[in-house]
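Residue numbers are given in the working numbering: position 74 of the sequence shown equals residue 74, and the series is strictly consecutive.
FYI, nobody ran anything at the bench for these hints, they're computed from the structure.
Be a bit skeptical, because a hint or two may be false.
[As the list claims (entries may be wrong)] With a straight-line cut-off of 20 Å between C-alpha atoms, the simulated SDA-like cross-links for lysine to any residue are:
| hint | residue 1 | residue 2 |
| --- | --- | --- |
| 1 | K135 | R125 |
| 2 | K32 | I82 |
| 3 | K61 | A107 |
| 4 | K32 | R139 |
| 5 | K32 | P121 |
| 6 | K134 | P99 |
| 7 | K135 | G119 |
| 8 | K61 | T25 |
| 9 | K32 | P80 |
| 10 | K32 | A79 |
| 11 | K135 | F102 |
| 12 | K135 | G104 |
| 13 | K135 | V117 |
| 14 | K134 | F102 |
| 15 | K135 | R116 |
| 16 | K32 | N21 |
| 17 | K32 | H83 |
| 18 | K61 | W72 |
| 19 | K135 | D105 |
| 20 | K134 | D94 |
| 21 | K32 | Q8 |
| 22 | K32 | G43 |
| 23 | K134 | D101 |
| 24 | K32 | W18 |
| 25 | K134 | T97 |
| 26 | K134 | P121 |
| 27 | K134 | V117 |
| 28 | K134 | D105 |
| 29 | K32 | E142 |
| 30 | K135 | T97 |
| 31 | K135 | P121 |
| 32 | K32 | N6 |
| 33 | K61 | N21 |
| 34 | K134 | H103 |
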Amino acid sequence: MQKNPNIQLLLDTHVFIWLMNGDDTLSAESQKHIEGLVETECGIAVSSISLWEISMLHSRKRIILNQPCLSWINLSLNAPGIHFADLTPEIAVDSCTLPGDFHGDPADRIIVSTARVLGIPLMTRDQCILSYSKKGFIRCIEA
1 MQKNPNIQLL LDTHVFIWLM NGDDTLSAES QKHIEGLVET ECGIAVSSIS
51 LWEISMLHSR KRIILNQPCL SWINLSLNAP GIHFADLTPE IAVDSCTLPG
101 DFHGDPADRI IVSTARVLGI PLMTRDQCIL SYSKKGFIRC IEA
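Using the sequences and the hints given, assemble the complete structure.
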């Protein structure tokens, strides 16, 4: 995915799962924010690594999906306003050279770099990422 002015938000993996499952763990305010973007025809992005994370969590029975994993992913990616953010060379390099002190989890690094390269905020509840945001390296919206 190239920088697209209509893409206004990246969802962290857990936020994407909550949204697609209609889970009330996602705050009403976050839900409203997402719905507002979709209503104004602004897109929401999901990183390719999130699909890997969902598959891994499902295979390890750490999350339960209401259908086979690939079906759930394909259906979710076809939801209104949802766009797939590929792992680009820029994202790959940025994930290995993040400024400041960020932990080594590759999935989190790729998600953070996806938001940075696309120039959009990341919606998350991950406290490590939110702390990193407070240092000015990424824009976040707390889910």
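Margin query: Hint compliance check: list the failing hint numbers for this structure, sorted ascending.
Written below: The structure breaks none of the hints.
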